[in-house]
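Visitor: Chain by chain, the residues:
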Amino acid sequence: MSFIKKFIEQETVSRRNFLLASAYGVAATAAMRMFGPSPAMAATYSDPTVAWSYRNRTNPYWNEIVSGGEAFIESLGKDKSALTHLINEGSSEKSLADVKALLAKTNGELALAIDTNDAPNARPVVESCVEAGAYVSTLWNKTDDLHPWDFGDNYVSHMSWSDEGPAEQTARILLEAIGGKGGVVHLGGIASNNPAIERLNGLKNALKDYPDVELLDAQPADWDTQKANEVMSGFITRYGDEISGVHCANDTIAYGVLEALRAEGMDIPIVSYDGNPQAVGLVAEGKILATVFTNPHWGGGITAALAYYAATGHFKPSEEPNEHREFNGPTIFVTPEDAKAFKASYLDDVPSYDWKDFWGPSNGPIVYK
Amino acid sequence: MTATPSVLPDTHNRLNRETLVKWAPLLVLGVLLLLFPFFEWLEDFRAAKDHTYLVDSRFLSIRNFARIAISASPALMVAIGVTFIILMGSIDLSMEGTVSVCAVLFAFLFLGMGGTMGSWAILAIPGALIVGAAMGFINGLVHVKLKIPSFMASLAMGFVGTGLALLLTGGDRIRVEDEAFRSLLTVRWFNFPIMCYVALFGLLVAWFIQSRTTLGRNFYAVGGGEELAKASGLNVNRVRIMGFTLAGVFFAMGALLAVGRIGIAETATGNGFMFVSITAVVVGGTALWGGIGGVWNTLIGVLIVNVINNGMVVIGLPGWVQDGTLGLLVIAAVVLSTDRRAVSFVK
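Top line first, the protein sequences correspond to chains A and B. According to our numbering, the stretch in the first sequence is residues 3 to 371, in order. According to our numbering, the stretch in the second sequence is residues 29 to 375, in order.
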């Protein structure tokens, strides 16, 4: 329970700070207006089109992202159908083409929230938006040399998640549960995906402190339940009882692993990632030891909100510090002790967020290695 | 020259080659079953551990065969469905969409009508089969009546199916938790879960249709020479539509077993079945140009693909090598198991 209390406190404090900050901001803008408009000031729009560009809807994660975007739209007093959906189906080319088409259609009066599907695609997307005078906020994918502050106001923000730390912590929970000795296996995401790499690194970091635990094997399961099921069956054949714990890169993988163990009548601890509602349910039942909630609902809403409020001139991105333009999303641990409380306060009854509190729940600036 | 008819040695030769090609898929499977234990032995030999070849193999154990059978069961049903279509010389690529729709509708019906096998919810099983048949029927109609090539018509129907499943679920996953239904996976007879016997039963039904019914013989007639079949008065269009409908029923059976295996129905349930089933049919020795092969070939093909998949993990092949290896092994298996000398051109 304590984490929720802490979280709410943190939010209240940061909201107060934000109100103060925005009051200063308003005063500063008013002062500037007296001396005439700044020449570098980007055009703002009274009612820009709001769009979310993402991979697909077959994945619960993206569904949560979109639900946040829709909740934000509703907070503007509009119907949720006012949100424009650009679905790239895993193609960067389609992602860019859709954005360009929408820029042409809206004449640049656009607030765009986007995951550009892969990192290199972020630059052409951002440049197209900046050129058209639209406002864009990115999520997850961008190259390390691309920064919002290099584009004035139009590249509003970038949010990502650093998964290495949280994955390390779930790994520690797992390694403690198996008594600090034995063998563990890891089932990962698509091998080239950043979160897949970070989550495996997290496990490896934790293993350094547990010399008696051997990482028997790590194989990609492509974020897919059925593939995970088959890979886990192979692991059971190869290692049998040597496996004393399983580290899964996300919840969809964990479902497949659980069923493979069930088919064998095995019951060993597993940890997971993402905090999907069903996984949280399984944590509450004690079938999964821990998962990490990244609050995609808030992430989806706030990314759209940042682009929208920058586009309407509610705040001026270039006046914000760098840590407000590139920041990490929240991570909350879910363990059997607090799963029920967590479910009640986050999933069964999705909290209504203040979509003008841009940085309250965020988790510090992005650090490059 | 003796009086022996000169055709005899020829016939004899051809028979030999035919026999070889006929049994090649089984041979490939046999080689694989010896190959993976060899790698296991090699690994233990290098580590200087005691390991008697084959006897100490973890791969060659009943428990592992059960695991292979579990992963093969849903794929076998889907592959049998597409076997009938390929026998006709057509192709059906709608399996991913059809499996997803059947899985999702089954889950909705099952949970909506009580959620236990002891209630009316059991009707969800024939319900899913009917949905599969309907999808296949529409698929066949689109192909035959609108005269769209089967691969395009079915691919499009597959997308329609995936979209429909997404619309129904809104991207959520539906859990089917009923113990009696999940006994497909959890209850074992003679070391193998019930779902393997269900798949075996499906295979026998398919074999009966293929060899003992007019429809089955008509599939071969259409695939062997459509013009000839038409000239003999066969209603080819009707056979095609029935073929696609039948395939739909088997896709639905695949969907039921897939849900039985992981207890989840979702839009992604159908993912991956296209590759596995088409590969399995071809590797099993059923010719893509129609008329040759059958459901037993498909069984061997499905087993080959699943043995390769399982074996690669068991021998500890790194993930990034697995996809490439699977591709190479599939090419090797096709080379060995189809008589390509009989075809003048490949398109």
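These are computed hints drawn from the structure, not numbers from a lab. Possibly wrong hints are sitting among the right ones.
Straight-line C-alpha distance at most 30 Å; calculated DSS-like pairs for lysine-lysine [claimed, not checked]:
{"hint": "1", "chain 1": "A", "residue 1": "Lys82", "chain 2": "A", "residue 2": "Lys289"}
{"hint": "2", "chain 1": "A", "residue 1": "Lys358", "chain 2": "A", "residue 2": "Lys345"}
{"hint": "3", "chain 1": "B", "residue 1": "Lys175", "chain 2": "A", "residue 2": "Lys210"}
{"hint": "4", "chain 1": "A", "residue 1": "Lys318", "chain 2": "A", "residue 2": "Lys345"}
{"hint": "5", "chain 1": "B", "residue 1": "Lys258", "chain 2": "A", "residue 2": "Lys183"}
{"hint": "6", "chain 1": "A", "residue 1": "Lys358", "chain 2": "A", "residue 2": "Lys82"}
{"hint": "7", "chain 1": "A", "residue 1": "Lys289", "chain 2": "A", "residue 2": "Lys318"}
{"hint": "8", "chain 1": "A", "residue 1": "Lys206", "chain 2": "B", "residue 2": "Lys50"}
{"hint": "9", "chain 1": "B", "residue 1": "Lys50", "chain 2": "B", "residue 2": "Lys258"}
Predicted model, so just to flag it, every value in this text is computed and none were measured.
Visitor: Go through the numbered hints given earlier and state which of them the structure violates, listing their numbers in rising order.
Guide: Hints 1, 3, 4, 5, 7, 8 contradicted; others consistent.
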